[in-house]
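Participant: Counting from 1, one number per residue, gives the positions in the sequence shown under full-length UniProt numbering.
Don't read these hints as lab results, they were simulated from the structure. Check each hint, because a few of them may be wrong.
[Stated by the list, open to error] Calculated pairs, DMTMM-like style, for lysine to aspartate or glutamate (alpha carbon to alpha carbon, straight line, at most 25 Å):
(1) K117 with E11
(2) K13 with D27
(3) K117 with E106
(4) K109 with D38
(5) K30 with E7
(6) K30 with E11
(7) K109 with D87
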Amino acid sequence: MHWCLSEYESEAKLIAHNHGVNLTRLDNRKFIMPGLIDTHIHAPQYVFTGSGTDLQLLDWLENYTFPREAQFNNTRYATMAYNLAVDRVIHGGSTTASYYATIHLEASKILADVVEKRGQRALYIIYRFSLTWMKMWMKLLVLRRSTRVTLITPLYTMPMVY
Numbered sequence: 001m002h003w004c005l006s007e008y009e010s011e012a013k014l015i016a017h018n019h020g021v022n023l024t025r026l027d028n029r030k031f032i033m034p035g036l037i038d039t040h041i042h043a044p045q046y047v048f049t050g051s052g053t054d055l056q057l058l059d060w061l062e063n064y065t066f067p068r069e070a071q072f073n074n075t076r077y078a079t080m081a082y083n084l085a086v087d088r089v090i091h092g093g094s095t096t097a098s099y100y101a102t103i104h105l106e107a108s109k110i111l112a113d114v115v116e117k118r119g120q121r122a123l124y125i126i127y128r129f130s131l132t133w134m135k136m137w138m139k140l141l142v143l144r145r146s147t148r149v150t151l152i153t154p155l156y157t158m159p160m161v162y
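Given these sequences and hints, build the entire structure.
Facilitator: Now the structure itself:
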């Protein structure tokens, strides 16, 4: 089916004007695509993406993942790493993401702040479950909701046991 936009253009302009928005006409080489949803991102691992591809999983975890994730106790490192990770996800087209963090409280807060500053919707998974953490996150979530709309939903998981 082929239809001509000019039939609808005056109506579209009127609707856009009534709602105070600009109408942009795309040429035939352009299209609109909705944002993607990335459902499983280990944000701390983005700083070494593509490393150790020749290793078995346990060797890779011991040589790359565990040492690098231990560095997230340093908030400067966490800030640098999470900015890179979130920017990479957004530039890849993901407007919504499910991020996994580390056990480091301050670094986890930094990830939440970076996501919120970028305006990305996120499901935020923390690798630790304790009453102290739950109270802290509930307090943080209540504070954020009272001051502005939050795009971040925290979830809690039991710590991994190796």
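Participant: Take the C-alpha atoms of K109 and D87, compute the straight-line distance between them, and say whether it is at most 25 Å.
Facilitator: holds, 17 Å
Participant: Within a Cα-Cα threshold of 25 Å, do K109 and D38 meet the stated pairing?
Facilitator: OK: K109 and D38 at ~20 Å, within 25 Å.
Participant: Quickly compare the C-alpha distance for K117 and E106 to 25 Å and report which way the hint goes.
Facilitator: The hint holds at about 16 Å.
Participant: Sort out whether E7 lies within 25 Å of K30, counting only the CA atoms.
Facilitator: holds, 20 Å
Participant: Going straight from one Cα to the other, do K30 and E11 come out at no more than 25 Å?
Facilitator: holds, 21 Å
Participant: Against the 25 Å threshold, does the CA-CA distance of K13 and D27 hold or violate the hint?
Facilitator: It holds: about 17 Å lies between the C-alpha atoms, which stays within 25 Å.
Participant: Given the proposed pairing of K117 with E11, does the C-alpha separation stay at or below 25 Å?
Facilitator: violated, 36 Å
Hint check: a violation occurs at hint 1 only; the rest are consistent with the structure.
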